[in-house]
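Starting from the given sequences, assemble the full structure and let the hints guide the process.
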Amino acid sequence: MKRVLITASLLLFFAVSSFAQTKFALTYSIGFPTGETSDFFSKTSWRGINIDYHYLLEDNFAIGFSTGWQVFSDNRGFVTETSGTETVSGFRYNYLNSFPLLATGSYFFDSSSDLVPFASLGLGLTYNELEEDIGLFRNTRTGWPFTVRPEIGMDYEINYGVALRASVRYNYVASGNTLPSLPSFGVNVGFVWSN
Amino acid sequence: MKILNTLGGAKRLMLSASILVLTLLMGCYPDQPEFVEEYDVVYTNYSPDFNFSNSYTFSLPNAVLKLDDNRDPDAPPEFIDAKFGDVILANIRQNLTSKGWTEVDEAADPQIVILPSAFDTQFLYFYNPGYWCWYYPCWGWGYPGYSPGYVTGYQTGTVLMQMTDPNGVENEVVPVIWTGTFNGLLQGSDANIIGRIDRNLDQAFSQPPFN
Numbered sequence: 002m003k004r005v006l007i008t009a010s011l012l013l014f015f016a017v018s019s020f021a022q023t024k025f026a027l028t029y030s031i032g033f034p035t036g037e038t039s040d041f042f043s044k045t046s047w048r049g050i051n052i053d054y055h056y057l058l059e060d061n062f063a064i065g066f067s068t069g070w071q072v073f074s075d076n077r078g079f080v081t082e083t084s085g086t087e088t089v090s091g092f093r094y095n096y097l098n099s100f101p102l103l104a105t106g107s108y109f110f111d112s113s114s115d116l117v118p119f120a121s122l123g124l125g126l127t128y129n130e131l132e133e134d135i136g137l138f139r140n141t142r143t144g145w146p147f148t149v150r151p152e153i154g155m156d157y158e159i160n161y162g163v164a165l166r167a168s169v170r171y172n173y174v175a176s177g178n179t180l181p182s183l184p185s186f187g188v189n190v191g192f193v194w195s196n
Numbered sequence: 073m074k075i076l077n078t079l080g081g082a083k084r085l086m087l088s089a090s091i092l093v094l095t096l097l098m099g100c101y102p103d104q105p106e107f108v109e110e111y112d113v114v115y116t117n118y119s120p121d122f123n124f125s126n127s128y129t130f131s132l133p134n135a136v137l138k139l140d141d142n143r144d145p146d147a148p149p150e151f152i153d154a155k156f157g158d159v160i161l162a163n164i165r166q167n168l169t170s171k172g173w174t175e176v177d178e179a180a181d182p183q184i185v186i187l188p189s190a191f192d193t194q195f196l197y198f199y200n201p202g203y204w205c206w207y208y209p210c211w212g213w214g215y216p217g218y219s220p221g222y223v224t225g226y227q228t229g230t231v232l233m234q235m236t237d238p239n240g241v242e243n244e245v246v247p248v249i250w251t252g253t254f255n256g257l258l259q260g261s262d263a264n265i266i267g268r269i270d271r272n273l274d275q276a277f278s279q280p281p282f283n
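Protein chains in written order, with our numbering: chain L, 2 to 196; chain R, 73 to 283.
If you're looking for bench data, these hints aren't it; they were derived computationally from the structure. Built from N, CA and C at the ideal position, the CB exists for glycine as well. Mixed in with the good hints there might be a few duds.
Quick list of simulated restraints, FRET-style, between CB atoms [as the list claims (entries may be wrong)]: (1) L:Val169 / R:Asn123: 49 to 59 Å; (2) L:Arg139 / R:Lys155: 27 to 37 Å; (3) R:Asp274 / L:Gly85: 50 to 60 Å.
Reference listing, derived: stretches of chain R covered by chain L, where coverage requires no fewer than 3 residues with Cβ under 8 Å from a Cβ of chain L [claimed, not checked]: (4) 236-246; (5) 275-283.
Here it is in structure tokens:
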């Protein structure tokens with residue numbers, strides 16, 4: 002499943018990148034846990050990267066895809082957890098590695114200006130790997146939950162074909178077979194290259 | 073890549089540098105434990121059918137049995153080093169007497185028999201009960217109302233304490249009414265390991281049903 006999605010994404014990427022106007026964005030992402038994600042992580046994630054590709058069907062509207070990697074981690078300290086007659090205690094460390102694979106539709110409000118606000122909506126799947134460590138024991142849960150990701154932001158052109166990008170995203174990640182819903186907010190800054 | 077080919081040299085350099093920096097910032101497991109103590113874990117489980125709030129008489133062997141799957145259960149028992157074993161026994165003794173329990177000789181028909189053991193390789197809770205035939209009758213074990221699960225490990229040490237109720241023996245199966253485990257890395261000085269044993273066994277006796 003994972004291999005098929007990655008292959009399909011790369012094929013789409015190479016197919017649409019060979020003609021017409023395109024934008025390629027590489028951004029650094031700061032993640033803020035929200036919803037059930039806050040039950041596992043209280044800390045901001047400073048480890049994130051996004052790759053976005055836009056293929057402009059018109060001057061203002063583009064389709065494309067978005068992927069990336071966000072790492073949440075949290076040292077929860079010494080915890081004692083009881084379930085029924087069982088009790089476990091030890092130092093708890095939680096980790097979430099999140100890899101979205103989304104198809105996107107984006108609207109660029111004023112493509113003639115240096116400052117171009119945009120709004121985007123991504124739909125797809127996110128490969129989530131949630132790990133809860135206590136002592137030497139690790140409980141790992143993985144899945145490909147459905148994901149919806151609205152985004153607003155702006156591109157500011159600093160040179161011909163190169164722009165700065167700043168955006169805010171909400172990553173709604175549905176619950177899966179074994180995974181809870183793990184939503185988060187993302188603040189992104191980086192560069193956009195256009196041809 | 074078509075996209076990269078369309079970029080100028082400076083742009084390619086900037087893109088490559090950005091990817092490199094961002095990749096270096098990543099890592100699947102940041103915030104790993106720094107100290108060996110942070111790998112210690114204590115697990116307890118018990119029979120919900122047994123009343124732990126009463127005071128009981130109990131017996132303890134004089135040493136902590138060393139468990140080894142490669143050793144025949146019928147072979148003479150082996151014990152862990154007394155410098156660690158004595159700490160384990162003293163801790164169990166101290167914790168139970170502080171709850172009002174009374175230690176008696178195993179020949180004095182104790183209400184509870186404690187079986188302390190330790191092992192340092194991969195192992196299951198459901199080890200051969202025959203390892204204890206030198207200490208009390210060759211009973212099998214039953215876990216009334218609960219399942220103790222299992223632990224495995226590599227380069228780890230585990231202290232396993234089982235509380236058995238000899239008055240509840242049926243069909244030569246003795247109820248194991250409480251199971252306490254401390255698992256951690258076999259690293260550090262003797263003093264460090266002894267301190268961790270003491271601290272973690274105290275933790276085991278502070279968890280349900282003893283809290």
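Here's how the hints hold up against the structure:
Evaluation of the 49 to 59 Å hint for Val169 (chain L) and Asn123 (chain R) yields a pass: the beta carbon distance comes to about 58 Å. The hinted window of 27 to 37 Å between Arg139 (chain L) and Lys155 (chain R) holds, with their beta carbons roughly 31 Å apart. Distance hint check: the CB atoms of Asp274 (chain R) and Gly85 (chain L) are about 23 Å apart, inconsistent with the given range 50 to 60 Å. With 0 residues bearing a CB less than 8 Å from a CB of chain L, the segment 236-246 of chain R misses the requirement of three and the coverage assertion fails.
Residues of the segment 275-283 of chain R lying with their CB closer than 8 Å to a CB of chain L number 4, which satisfies the three-residue condition for coverage.
Violated hints for the displayed structure, listed by number in ascending order: 3, 4.
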